[in-house]
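Visitor: So you can see what is in the structure, the chains are spelled out below.
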Amino acid sequence: MRLRYAIYAVPVIFLTLFLLYPLAMILRSGLAGGFPAFTDRFILSVIWFTCWQAVLSTGLTLLAGLPAAYVLARYRFPGRSALYALATAPFVMPVVVVAAGFVALLGRNGIVNDALAGIFGAAAPQIDVLNTLGVVLLAHVFYNLSVVVRLVGGLWSVLDPRLEEAAAVLGASRRATLRRVTLPLLAPAIGAAALLVFLFTFGSFGVVLLLGGPRLATIEVEIYRQTAQALRLDVASALALVQLCATLAAAAVYDRLQRRSTVALRLRPAGASARPPETCRAWLLVGGCMLLVLLLMAPLPALALRSLTSLTPGVEGMTLEYYRMLGENRRGSLFFVPPLAALANSLLFAGAATLLALLVGIPAAYALTGNAVRSVAIAHTRRRVSGRQIARVILGGIIILPVGVSAIVLGLGYIVAFGPPGWLRSPLLIPVAHALLALPLVVRSLTPALQAIDPRIREAARVLGAGPARIIMRVDLPLVAPALLVAGLFAFTVSLGDFGAALLLARPEYPTIPVVIARLLGQPGAANYGQALALGTILMGVTLAAFLVIEWVQPRSISTP
Amino acid sequence: MRTRWRRRFAGGARRYVHTAWGIVVMVLATMLLAACGGAAQTGGPPTPASAPGERRLVVMTHDSFAVSEDVMADFEREQSVSVEVLPSGDAGSALNKAILSKDAPLADVFFGVDNTFLSRALNAEIFEPYQSPALAAIPDDLKLDPSARLVPIDFGYVTINYDRAFLEARNLAPPQQLADLTGPAWKGLLVVEHPATSSPGLAFLMATIATFGEDGSYTWRDFWRDLRANDVLVAEGWNDAYYTHFSGSSGQGPRPLVVSYATSPAAEVFFSEGKLETPPTGNLMAGSFKQIEFAGVLKGAREPELARRFIDFMLSRRFQEDIPLQMFVYPVLPDAALPDVFVRFAQVPSDPAIIAPERIERNRERWIEEWTQIVLR
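Chains C and U, in that order, give the protein sequences. Read left to right, the first sequence gives residues 3 to 563 (this note's numbering). Read left to right, the second sequence gives residues -11 to 365 (this note's numbering).
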């Protein structure tokens, strides 16, 4: 029947045209002439730097994240859930917001330097950490702390504490218990978290480009520079292939690790092993962890605060001036449109990307949920679908692919593939790219919900005379509505926050918010600085709202690994 | 039966159904809008809301392009056209955007290819030749493209500016040669721009290559190695270098030496609006690079005839005389009168470096990468 083909055809056609074809063109362009550049010390040094900064970032994130995961998993104290939300919120924050936050906190005109000047007067020591490796590492820890807290903390909170107690009774010291009992039990989660953090920081783009300054370049940043500045698409493509292979390999290892980590442990319900801190040492640990998370998250409130503070010398106090300026289009300004128009562009692109992601994601989720397809199909035709299994495996593989394809690589792919037919002019390429980047998240939100539908409901509907389309509209969709909402919001936030693809694909007259913020941050003067922070605050607010709705709709799936 | 399962299974989800459908409808609406926007775009360069029947000319350029309102208004009135300026990043990025979108050009005219990028622009074949009658009055040594796909509009000298007050306070004599900058007296005092992202940065790199050469006992690489040892600061762009890090500008940064233009001291007097009688900054006269900026008609322009009129206009006396105080470079038209501050304070460097565009094109990326390796890694 036709519906069944459509379920496969829509995602396959979309993914072939907008993912596989651009990747094939990257492969062609890279193989055609990019790789000889790799004998260059320059390119090799970029690859080397990418690796060791990722290792360093992973180590630091674990160092900060493991104690936080322990405290959040094992102690009950006032403000625990707020602390948890605070530690996990950064993950959805757009990179330009984070960069603007760090600039607002630690930059030359930042809050910290202002405070120093306030305390010590004019001769105050100026800290200037922007454009150093230190601030890049800090931003990486800021971003990925939530990965460790979610994965490791999730497992830690359900581990049976009696194992540790038994070790203690048998005479093991605290350290020995940790080393011989707890850590081995947590090892799969720690390994998975470390691998994910490595994966994310290996592909770090915005943080390094915006905060790292001209000295630092990861592979992603170099792909951007080779594309936009040096115009050597072949070298950029070759680098993209390296990036692609590395991330796909890491993703494969992660998948393996996830499968093996499902060891039969006697788990306790989450929270059952949490107790209030009683000893002085426990309180110290909880307090220290709170302080760490609060300090680490300081860039976000700093951003909002700074965007409301007047930066003009001689004018003190709070002001809405920079928000007002967003609506103006000064002649001779950097943009074709007032910055606020970028907000409209961004919302428009995000809306279109959400729709596209759902239009492709829903059939894809159906196709991957064999159960659902079959029960719709069988309920209707009572015939077996042949070759379904193979098609599902292939589709599943392709749908996971965007996880390993970064926004920059996708942007480069569109330039290489769609430049010659002249499609780059179309503003629709941006929502298409965003929909692709969001697709894995959308499908992952929808499949469990579809799988959970009891096939007997569909059969009942069928018996009562409903056609397949009617079954989908009246039975399935209402039942998966919460998952649909979550999937849509994921797509919306991915699109809203994307920096890489928009940077390469946005036309000068259709800038998105992240592109405008990045350009404002690169310019001198209080007005540009203030506007960048104001726009960053708006983007932070919208993202935070979406994040809170997601948390509210699916409260349980967050705390389990 | 039907109502029973509904109650049982859909009950929990019902409160989301409304929201979800609301979102779907909203998203559909925005999608439709975006599609309409897209459809409107397929015809040619951007067409923001305008009076019906009015023609539109799109000029793609870099972020530093500037022109007086009334000068532009004259052209718009004469040709009954509305001109849209499309700033597209730094000079290199703007040109690359134009090259990448050559199969569906974003604009009719491109302004801002300089002689360091001339060969790339010409090799990409994105410009139509146009022998403007106004070219007759332009000196031949500025016309680097004989087939006139790109015509010269302005030129300037990239050199090092120093902050007079800073030097006087420290009893330092201004540097005379580029080689002086590697001395201990100038440690930690110079800010330059990244040649990959900034056209004055690239021009200054060219000046050092022309000054020190590629072979010999002391090459440009040795010079930059010494500069690095002397704690040179690299900024992404001119704006950042000049207004954030340079002490002689209104930004009052910490460093008294900056790579800028020979006309910047005159600009400081002009922008002080009467507060300054003499320039607060001076030029290092040796080791400069002559930068010429070009404009051309893009292939596939929607308004090629208007684009040619715009090239004529940029070469006209009206536009040429507007250049100095808007972009602080020299007009290519020898008859154009220079403003008073230029006559009094702008110094023309004695012996500006010249490197053939073909040689730059052959070596540019290699030089930039070598430079990055030496100075930044």
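Please note that the accuracy of each hint is not assured.
Said to hold, decoys possible - Sample of chain C residues lacking proximity to chain U, with all beta carbon distances greater than 12 Å (derived):
(1) V237
(2) R270
(3) L310
(4) E511
(5) E553
Said to hold, decoys possible - Dumping the calculated DMTMM-like pairs for lysine to aspartate or glutamate here, alpha-carbon to alpha-carbon at most 25 Å:
(6) K287(U) to E156(U)
(7) K175(U) to D130(C)
(8) K90(U) to D130(C)
(9) K287(U) to D300(U)
(10) K90(U) to E353(U)
Everything labelled a hint here was simulated from the structure, so no lab data went into it. Backbone N, C-alpha and C define an ideal beta-carbon position, used for all residues, glycine too.
Visitor: Please flag the earlier hints that this structure goes against, numbers listed from lowest up.
Guide: 1, 4, 6, 8
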